[in-house]
Amino acid sequence: MDHQTNNSTKFPKIVIVGGGFGGIELTKRLKNKEVEVLMLDRHNYHTFQPLLYQVATGGLEADSIAFPLRKIFKNQKNFTFRVTDVESVDPSRNTVHTSIGEISYDFLVMATGSDTNFFGQKEIEHFSMAMKTIPEALNLRSMILQNLEEALVVTDPVAKSSLLNFVVVGGGPTGVELSGSLAELKKHILPKDYPELSIEDINVYLIEGSDELLGVMSDQASAKSKQFLEEMGVRVFTNLRVEAYDGNVIKLSDGQAINTKNVLWSAGVKGAVLDGLPTESIARGNRVIVDEFNRVSGQANIFAIGDVAAQITPETPNGLPGVAPVAIQQGTQLAKNIIRFINNEQPEAFKYFDKGSMATVGRNKAVVDIGKIRFQGVFAWFVWMFVHLMSLVGFRNKVVTFVNWVWSYFSYDRGTRLIIRRFSRQSMTEDPLAK
Numbered sequence: 001m002d003h004q005t006n007n008s009t010k011f012p013k014i015v016i017v018g019g020g021f022g023g024i025e026l027t028k029r030l031k032n033k034e035v036e037v038l039m040l041d042r043h044n045y046h047t048f049q050p051l052l053y054q055v056a057t058g059g060l061e062a063d064s065i066a067f068p069l070r071k072i073f074k075n076q077k078n079f080t081f082r083v084t085d086v087e088s089v090d091p092s093r094n095t096v097h098t099s100i101g102e103i104s105y106d107f108l109v110m111a112t113g114s115d116t117n118f119f120g121q122k123e124i125e126h127f128s129m130a131m132k133t134i135p136e137a138l139n140l141r142s143m144i145l146q147n148l149e150e151a152l153v154v155t156d157p158v159a160k161s162s163l164l165n166f167v168v169v170g171g172g173p174t175g176v177e178l179s180g181s182l183a184e185l186k187k188h189i190l191p192k193d194y195p196e197l198s199i200e201d202i203n204v205y206l207i208e209g210s211d212e213l214l215g216v217m218s219d220q221a222s223a224k225s226k227q228f229l230e231e232m233g234v235r236v237f238t239n240l241r242v243e244a245y246d247g248n249v250i251k252l253s254d255g256q257a258i259n260t261k262n263v264l265w266s267a268g269v270k271g272a273v274l275d276g277l278p279t280e281s282i283a284r285g286n287r288v289i290v291d292e293f294n295r296v297s298g299q300a301n302i303f304a305i306g307d308v309a310a311q312i313t314p315e316t317p318n319g320l321p322g323v324a325p326v327a328i329q330q331g332t333q334l335a336k337n338i339i340r341f342i343n344n345e346q347p348e349a350f351k352y353f354d355k356g357s358m359a360t361v362g363r364n365k366a367v368v369d370i371g372k373i374r375f376q377g378v379f380a381w382f383v384w385m386f387v388h389l390m391s392l393v394g395f396r397n398k399v400v401t402f403v404n405w406v407w408s409y410f411s412y413d414r415g416t417r418l419i420i421r422r423f424s425r426q427s428m429t430e431d432p433l434a435k
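Residues 1 to 435 (full-length UniProt numbering) are what the sequence shown spells out, left to right.
These are calculated hints, taken from the structure and not from any lab test.
Please read these numbers as outputs of a predicted model, since none were measured by experiment.
Where hints are given, some of them may not hold.
[As the list claims (entries may be wrong)] Ranges between beta-carbon positions, derived for each pair: (1) Gln-220 / Val-399: 41 to 51 Å; (2) Tyr-409 / Gly-233: 18 to 28 Å; (3) Asn-32 / Tyr-409: 34 to 44 Å; (4) Pro-135 / Asp-413: 18 to 28 Å; (5) Ile-199 / Lys-77: 25 to 35 Å; (6) Thr-316 / Pro-135: 30 to 40 Å; (7) Lys-192 / Pro-135: 27 to 37 Å; (8) Ser-198 / Lys-336: 52 to 62 Å; (9) Lys-192 / Met-385: 16 to 26 Å; (10) Thr-316 / Ile-370: 11 to 21 Å; (11) Phe-353 / Gly-233: 31 to 41 Å; (12) Ala-159 / Pro-317: 41 to 51 Å.
[To be verified] Restricting the straight-line Cα-Cα distance to at most 30 Å, the calculated cross-link-like pairs of lysine-lysine (DSS-like) are: (13) Lys-28 / Lys-160; (14) Lys-398 / Lys-192; (15) Lys-160 / Lys-122.
For glycine and all other residues, C-beta sits at the position ideal for the given N, C-alpha and C.
Produce the complete structure using the sequences and hints provided.
Below is the structure:
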C-alpha cells in the first residue's frame, strides 16, 4: 500500500530519509520551493551528536541536545514528517519500504548517517557500549553509575577493579572527548559522590589502533591532546588493537589484559545504507558511492549526503570526512541541484570548504585546527564551546546548555548523575546483538 501524506500535491515529491545535519539543511533550503518534502526518521527529534558524550557522563540532560523535528519546520508548508523505520528502497519502482507502508518518491535522498562499526566482532559488539544515539548515551550513563554503586558493595578485589576500570576504544574526537570527560568525572565528582571509593582505584584507559590520536587533525593537535589526557591521568595506548572482550576482560594485541566491565567503543563507523541498492554502489566502510552532484552511482534520482555518502576523488580516495559541516554543505548544494534537475538545468558540482577541525579534552583544554592556524589550550576551549553552542538547534537548548556549562565550570559539578532506567544486558544466547 502506498502511504500518502496529507499535503499531497502535483509538485515533485522529495523523500528525505534521516533528520540529521544534512537532512535538516536540505529541507530548510527547499522551503517555499515548488516541491513536496517528506522526511522519514525512526526518531521524532534531531540529535546533536557532538555532545552525546556529555549526556553519557552526566554533564548534560538528553533534551538539551535533542530538538523535535516537527518544531524545526513548523512554518514550512511543503514539509511533512513521519516516524518510521525505513527498511529498503526499490529503485526500479521509485519506492521505499517502511514500517508504515510503501512510500513513492520522485527524488530520494539518503541522509541516514552512520552506525557504530565493530568490524564483525560479535562478542565485542555485545559486551561493549556504543554511543551514536541518545538511548545509547543514556544506557552508558546508567551503566557507569550502576557499576560505581556496585563497586561500593563488592568485596572481591578483582571484581571491584573491573567495575572501576574504564576503557575507551578509539582515539578519534569522540574517544578523546569521552576519555577526558571520564577523567574529569574521576577527579572532580566521584570523590564527593563516592568518598568510600579510593580515587587511585579508578582508571581510565584510551586504546588507539594507529600511532596517534585525532588522526584527522594536525600533528600538533594529536600530540597536545595526548599530553592533555596524560596530565589528566588517562593511560593512553597507541598502536594497539582490541583482540577480544568477554564482558569481564579486554585483551589487547600486545598481550595485555585489563579487567573491566566498562568498555566504551568509539573505534569506527559504517554508513547506514538502505537495502536495495546494487552492491557496486557500496564503497569501503559501507558508504554509498556518489558523483560530484551527490547522486548515487548508477541512479538518476537517488542521492546521498553526509556520513553515508562516499564522494571519492583523487584528493579524497576514502571519501570526505564524516563530520557535520560536510553534511550541512552537501544539503545546501543538493537543494539547489534538485531544483536544477527538476527544471532540466545543469547541476553544479559539490566542493567541500573545510572550515577546520576541533576537539575538547577537558576543562580549559582543547585543540583547534583552522586552515594552517593551530592553537591549543584555554582559547581553543572557548572557541570549541562557542562553535558547539551556536550549532545547537533551538534557542532553549542553547540557553540550557550554556547555563549547564557555566554552572559546571564554577562549581566543578555535573547535575545529571541519574539512573532513570536501569541498564541491563541480555545474554548472548538470548540475542547476539542485544544492547
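Verification of the supplied hints:
1. Taking the beta carbon of each, Gln-220 and Val-399 are about 34 Å apart, not inside 41 to 51 Å as hinted.
2. With their beta carbons about 20 Å apart, Tyr-409 and Gly-233 fall inside the hinted range of 18 to 28 Å.
3. Hint check: Asn-32 to Tyr-409, Cβ distance near 42 Å, so the stated range 34 to 44 Å holds.
4. Taking 18 to 28 Å as the suggested C-beta distance range, the pair Pro-135 and Asp-413 conforms, at roughly 25 Å.
5. A beta carbon spacing of about 57 Å between Ile-199 and Lys-77 contradicts the range 25 to 35 Å that was offered as a hint.
6. As the Cβ distance of Thr-316 to Pro-135 is approximately 32 Å, the hint placing it in 30 to 40 Å holds.
7. Lys-192 and Pro-135 have their C-beta atoms about 28 Å apart, which keeps the hinted 27 to 37 Å range intact.
8. Between Ser-198 and Lys-336 the Cβ separation comes to about 60 Å, which falls inside the hinted range of 52 to 62 Å.
9. The given range of 16 to 26 Å is respected by Lys-192 and Met-385, whose C-beta atoms sit roughly 24 Å from each other.
10. For Thr-316 and Ile-370, the hinted distance range of 11 to 21 Å is satisfied, since their beta carbons lie about 19 Å from each other.
11. About 38 Å separates the C-beta atoms of Phe-353 and Gly-233, a value consistent with the hinted range of 31 to 41 Å.
12. Evaluation of the 41 to 51 Å hint for Ala-159 and Pro-317 yields a pass: the beta carbon distance comes to about 47 Å.
13. Of the pairs offered as hints, the one joining Lys-28 and Lys-160 is violated, with about 51 Å between alpha carbons and a cut-off of 30 Å exceeded.
14. Taken as a hint, the Lys-398 and Lys-192 pair is honoured in the structure, with Cα atoms around 29 Å apart against an allowance of 30 Å.
15. The hinted pair formed by Lys-160 and Lys-122 meets the criterion: a straight-line CA distance of about 26 Å does not exceed 30 Å.
Violated hints, in rising order: 1, 5, 13; the structure is consistent with all others.
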